[in-house]
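Visitor: The chain contents come next:
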Amino acid sequence: MARTLLLGLDSATFTVMDALVADGRLPFFTRCLSEGVRAELLSTPNPLTPPAWTTLMTGVGPGRHGIYDFMRFHERAEGPFGTLVTSNDVQSETIWTLASRQGRRVICLNFPAMFPVQPIEGFVVPGYVSARQLKTSVYPRDLYPRLKALPGFDPKEFSWSMDETRKAVEGVAPEDCERWIHYLMGKDRGWFQIARMLMREEPWDLTAVLFDGVDRIQHLCWRYIDPTLAGSLSSDWERKMRRMAITYFEHLDAYLAELVALAGPQTRVFIASDHGAGSTTEIFYANAWLASKGYLTWREGTPPDRDDRLSAPHIFEFYKTIDWQQTKAYVRSSSANGIYIRTARPGIPGIPPETYPTFRAKLISELLDFRDPSTGETVVKRVMVREEAFPGAVMEEAPDITLFLRDGGHPSIMPCEVFLKPRGEIIGMHRPEGIFLACGPGIRRGATLSTLQIADVAPTLLYSLGLPIPSDFEGKLIEGAFERTCLEAEPPRTGVATTAPTSPNKSGEREDGMTEEDEAKVLERLRHLGYLD
Amino acid sequence: MSTEKVVPGVPRDVVLKQLIETLNDMTSDWDIDFSGQIGEKTMLVGDLAFESIDVVHLIVTLGQLYDEKDLGFEQILLEDGRYVTDLSVAQIADFLTETFAKKRTR
Numbered sequence: 001m002a003r004t005l006l007l008g009l010d011s012a013t014f015t016v017m018d019a020l021v022a023d024g025r026l027p028f029f030t031r032c033l034s035e036g037v038r039a040e041l042l043s044t045p046n047p048l049t050p051p052a053w054t055t056l057m058t059g060v061g062p063g064r065h066g067i068y069d070f071m072r073f074h075e076r077a078e079g080p081f082g083t084l085v086t087s088n089d090v091q092s093e094t095i096w097t098l099a100s101r102q103g104r105r106v107i108c109l110n111f112p113a114m115f116p117v118q119p120i121e122g123f124v125v126p127g128y129v130s131a132r133q134l135k136t137s138v139y140p141r142d143l144y145p146r147l148k149a150l151p152g153f154d155p156k157e158f159s160w161s162m163d164e165t166r167k168a169v170e171g172v173a174p175e176d177c178e179r180w181i182h183y184l185m186g187k188d189r190g191w192f193q194i195a196r197m198l199m200r201e202e203p204w205d206l207t208a209v210l211f212d213g214v215d216r217i218q219h220l221c222w223r224y225i226d227p228t229l230a231g232s233l234s235s236d237w238e239r240k241m242r243r244m245a246i247t248y249f250e251h252l253d254a255y256l257a258e259l260v261a262l263a264g265p266q267t268r269v270f271i272a273s274d275h276g277a278g279s280t281t282e283i284f285y286a287n288a289w290l291a292s293k294g295y296l297t298w299r300e301g302t303p304p305d306r307d308d309r310l311s312a313p314h315i316f317e318f319y320k321t322i323d324w325q326q327t328k329a330y331v332r333s334s335s336a337n338g339i340y341i342r343t344a345r346p347g348i349p350g351i352p353p354e355t356y357p358t359f360r361a362k363l364i365s366e367l368l369d370f371r372d373p374s375t376g377e378t379v380v381k382r383v384m385v386r387e388e389a390f391p392g393a394v395m396e397e398a399p400d401i402t403l404f405l406r407d408g409g410h411p412s413i414m415p416c417e418v419f420l421k422p423r424g425e426i427i428g429m430h431r432p433e434g435i436f437l438a439c440g441p442g443i444r445r446g447a448t449l450s451t452l453q454i455a456d457v458a459p460t461l462l463y464s465l466g467l468p469i470p471s472d473f474e475g476k477l478i479e480g481a482f483e484r485t486c487l488e489a490e491p492p493r494t495g496v497a498t499t500a501p502t503s504p505n506k507s508g509e510r511e512d513g514m515t516e517e518d519e520a521k522v523l524e525r526l527r528h529l530g531y532l533d
Numbered sequence: 001m002s003t004e005k006v007v008p009g010v011p012r013d014v015v016l017k018q019l020i021e022t023l024n025d026m027t028s029d030w031d032i033d034f035s036g037q038i039g040e041k042t043m044l045v046g047d048l049a050f051e052s053i054d055v056v057h058l059i060v061t062l063g064q065l066y067d068e069k070d071l072g073f074e075q076i077l078l079e080d081g082r083y084v085t086d087l088s089v090a091q092i093a094d095f096l097t098e099t100f101a102k103k104r105t106r
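As given, the protein sequences belong to chains D and Z, one line each in that order.
Take the first sequence: its position 525, counting from 1, is numbered 525 in this note's numbering, and each next residue is one higher.
Take the second sequence: its position 58, counting from 1, is numbered 58 in this note's numbering, and each next residue is one higher.
Since the hints were derived computationally from the structure, they do not count as laboratory data.
Note that the Cβ used here is the ideal one computed from N, Cα and C, for glycine as well.
There's no promise every hint is true.
EDC-like, lysine to aspartate or glutamate: derived pairs with alpha carbons at most 20 Å apart [unchecked claim]:
(1) D:LYS156 <-> Z:GLU51
(2) Z:LYS69 <-> D:GLU396
(3) D:LYS320 <-> Z:GLU79
(4) D:LYS156 <-> Z:ASP25
(5) D:LYS167 <-> Z:GLU51
(6) D:LYS156 <-> Z:ASP54
(7) D:LYS148 <-> Z:ASP31
(8) D:LYS148 <-> Z:ASP29
(9) Z:LYS17 <-> Z:ASP47
(10) D:LYS293 <-> D:ASP372
(11) D:LYS156 <-> Z:ASP33
(12) D:LYS156 <-> Z:ASP31
(13) D:LYS320 <-> Z:ASP80
(14) Z:LYS69 <-> D:GLU75
(15) Z:LYS103 <-> Z:ASP13
(16) D:LYS293 <-> D:ASP369
(17) Z:LYS102 <-> Z:ASP13
(18) D:LYS320 <-> Z:GLU74
(19) D:LYS148 <-> Z:ASP25
(20) D:LYS156 <-> Z:ASP29
Across the chosen pairs, the derived CB separations fall in these ranges [to be verified]:
(21) D:ASP23 <-> Z:GLU21: 50 to 58 Å
(22) Z:TYR83 <-> D:TYR356: 29 to 37 Å
(23) D:SER374 <-> Z:GLY72: 43 to 51 Å
Partial list, derived from the structure: chain Z residues whose beta carbon lies under 7 Å from chain D [unchecked claim]:
(24) MET26
(25) TRP30
(26) ILE53
(27) HIS57
(28) GLN64
(29) LYS69
(30) GLU74
Start from the sequences, fold in the hints, and give me the full structure.
Guide: So, in structure tokens, the structure goes:
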């Protein structure tokens, strides 16, 4: 086994990294490329942070782990209701608990859907937790005073905020761009400081740190970052923004270099992103289009979007603008990147279940036939149906139809008088092609591998740790990353299947009654905590 | 809602005590104006300056405590399809007590 370091770079793409390497901006990244292996890493069918990182962490696709979006919804007669996804929604075991229960000490920082934390032998600071909630979210709880003791510690600097996510999708005013880049630099610095402290002060076998500033900066500053657009930057201000964005990447490269140096030469280093990035140039108002086809009905008086928005500030207020009694299909959220079909069931109106196959086929046919009125080109280049995109036991929570738009963008959920609108300016959006790099003992040098799947990372990390690969993983060990001598000395082993997470009600059955055994368990817990005599 | 309910399952006074302790733990280092003791009349938004993400955190924390992934909180979070603007500690304690009672007697 080798000590193993995973550096997650949310949304990192070779489109950007290779150009920065060629310009000599990223010395660590350059060294890693020359001393290790690289490959394109294909994301989940909807290349989105929560499902993609959860696949990386579990070795299985969304159809098995159950995370499709930032939120988990259930259908009601009055429209969907949901909350932000938590670890309670993850239906598959993560490599953190897999490694921990086999004796490996783990440090896990900033990964999504980790709160509430499953106890492990090690330390967890979950991602997507607000500054206010950090104290009660870290594991173990006595980690928080140590975080507070870090020089300049400010939870607001690196914790997640709803506002940050909203800005990443909707954009910021040009005058806010500079402040935004400084904010992202501070965010990465915060996670770097936590990682450095724990790596220095605690024994560990697997450390994983996710830097998510890359995703945010690419969303908002793509036109300054994309090397193919650099020549079109005409003003001094635009060129300044490009310099600042490059500085952001230089800082990140330095953080990675320091963490790898701290880990030591006997540590295997893996770098992965959950998806890539590219331009989006237009907005497809999918719900407006569905309304025009009679599949969705707006409530009277719903005003059209005039602000080029993909989503609404308050999603449940937005749902009030839809007549759910009349609606058969809708885009629930821009990020889910697909269409949900309302199938009738007790208390919920929708299409008769027996008509589902023909209804869906007709809808797909119409989607693929939708054309840009100005050019006649099709806009939806491809679709995937649920069972194709997300096979697995929990695929029923996935969109019925996943969209692949011609510009790589996500659809807007908003009402609009037109179905397609060019964006005022280019912003960044996700692409399936992320990055994978590895270097260190037993790793081949200077090799480029063929395209990998994001589910392949989990078994590869377990192998690096000297652990067997669970028999129910979908991902495969990336054998091509390792030297033949390494694979011969430490032959890969297949182990028993993963263990379902132990948090409550993993069956998702909300209507389960509390049995006497359940109640006894709760009362015992309360008694243990001193709440009952 | 009454604050005097006695139901089978987890006793209300136990639920209330646990809820107040959870809220004290959550909010102890928040930068808010509230200076009193958290009690039945304390309002999550009006007094403790809760934001929507804090409500999610509270729900998950309570779910952990009671070994219940989904306590059905939308029943008090939504009124006529709209999010309620605020909730009192007493309302949440009543809701939890009634939920446990229903589950116990089902």
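Visitor: Now, for every hint given, state plainly whether the structure supports it.
Guide: Quick rundown of the hints versus the structure:
1. With a C-alpha separation of about 15 Å, the suggested pairing of D:LYS156 with Z:GLU51 holds against the 20 Å cut-off.
2. Proposed proximity of Z:LYS69 and D:GLU396 is supported: the alpha carbons are some 19 Å apart, at most 20 Å.
3. The suggested pairing of D:LYS320 with Z:GLU79 holds, with an alpha-carbon distance near 12 Å, which does not exceed 20 Å.
4. Distance check on the hinted pair: D:LYS156 and Z:ASP25 sit about 19 Å apart at the alpha-carbon level, within 20 Å; holds.
5. Restraint check for D:LYS167 and Z:GLU51: the C-alpha separation of about 18 Å stays at or below 20 Å, so the hint holds.
6. Between D:LYS156 and Z:ASP54, the direct Cα distance comes to roughly 15 Å. Compliance with the 20 Å bound is thereby established for this hinted pair.
7. Distance hint between D:LYS148 and Z:ASP31 is fulfilled; the C-alpha atoms sit about 15 Å from each other, no more than 20 Å.
8. A threshold of 20 Å between alpha carbons decides the hint, and for D:LYS148 with Z:ASP29 the separation of about 12 Å falls inside it, so the pair holds.
9. Distance check on the hinted pair: Z:LYS17 and Z:ASP47 sit about 18 Å apart at the alpha-carbon level, within 20 Å; holds.
10. Pair hint D:LYS293 plus D:ASP372 holds up; C-alpha atoms about 16 Å apart against a cutoff of 20 Å.
11. Between D:LYS156 and Z:ASP33 the CA atoms are separated by roughly 19 Å; this keeps the pair inside 20 Å, and the hint holds.
12. Proximity of D:LYS156 to Z:ASP31 is assessed by CA-CA distance (about 12 Å); at most 20 Å being required, the pair is judged to hold.
13. For the hint linking D:LYS320 to Z:ASP80, the alpha-carbon distance of about 10 Å falls within 20 Å, and the restraint holds.
14. Between Z:LYS69 and D:GLU75, the direct Cα distance comes to roughly 18 Å. Compliance with the 20 Å bound is thereby established for this hinted pair.
15. Proximity of Z:LYS103 to Z:ASP13 is assessed by CA-CA distance (about 18 Å); at most 20 Å being required, the pair is judged to hold.
16. Taken as a hint, the D:LYS293 and D:ASP369 pair is honoured in the structure, with Cα atoms around 13 Å apart against an allowance of 20 Å.
17. Between Z:LYS102 and Z:ASP13 the alpha-carbon distance is near 17 Å, which keeps this suggested pair within the 20 Å criterion.
18. For the hint linking D:LYS320 to Z:GLU74, the alpha-carbon distance of about 16 Å falls within 20 Å, and the restraint holds.
19. For the hint pairing D:LYS148 with Z:ASP25, the CA-to-CA distance comes to about 16 Å; that is within 20 Å, so the pair holds.
20. Simply put, D:LYS156 and Z:ASP29 have alpha-carbon atoms about 13 Å apart, close enough for the 20 Å limit, and the pair holds.
21. Between D:ASP23 and Z:GLU21 the Cβ separation comes to about 55 Å, which falls inside the hinted range of 50 to 58 Å.
22. The hint said 29 to 37 Å for the Cβ distance between Z:TYR83 and D:TYR356, and at roughly 31 Å that hint holds.
23. Separated by about 49 Å at the C-beta atoms, D:SER374 and Z:GLY72 satisfy the suggested range of 43 to 51 Å.
24. About 6 Å separates the beta-carbon of Z:MET26 from the nearest beta-carbon of chain D, less than 7 Å, and the hint is met.
25. Because the closest C-beta pair between Z:TRP30 and chain D is about 6 Å apart, less than 7 Å, the hint holds.
26. This hint holds: Z:ILE53 has a C-beta 5 Å from the nearest C-beta of chain D, less than the 7 Å allowed.
27. For Z:HIS57, the suggested interface contact is upheld, since its CB lies about 5 Å from the closest CB of chain D, less than 7 Å.
28. The criterion of a C-beta within 7 Å of any C-beta in chain D is met by Z:GLN64, whose closest approach is roughly 5 Å, and the hint holds.
29. Taking 7 Å as the C-beta cut-off, the interface hint given for Z:LYS69 holds, the closest approach to chain D being about 3 Å.
30. Look at Z:GLU74: its Cβ gets to within about 5 Å of chain D, closer than 7 Å, so that hint holds up.
Comparing the model with each earlier hint shows no violations; every hint is respected.
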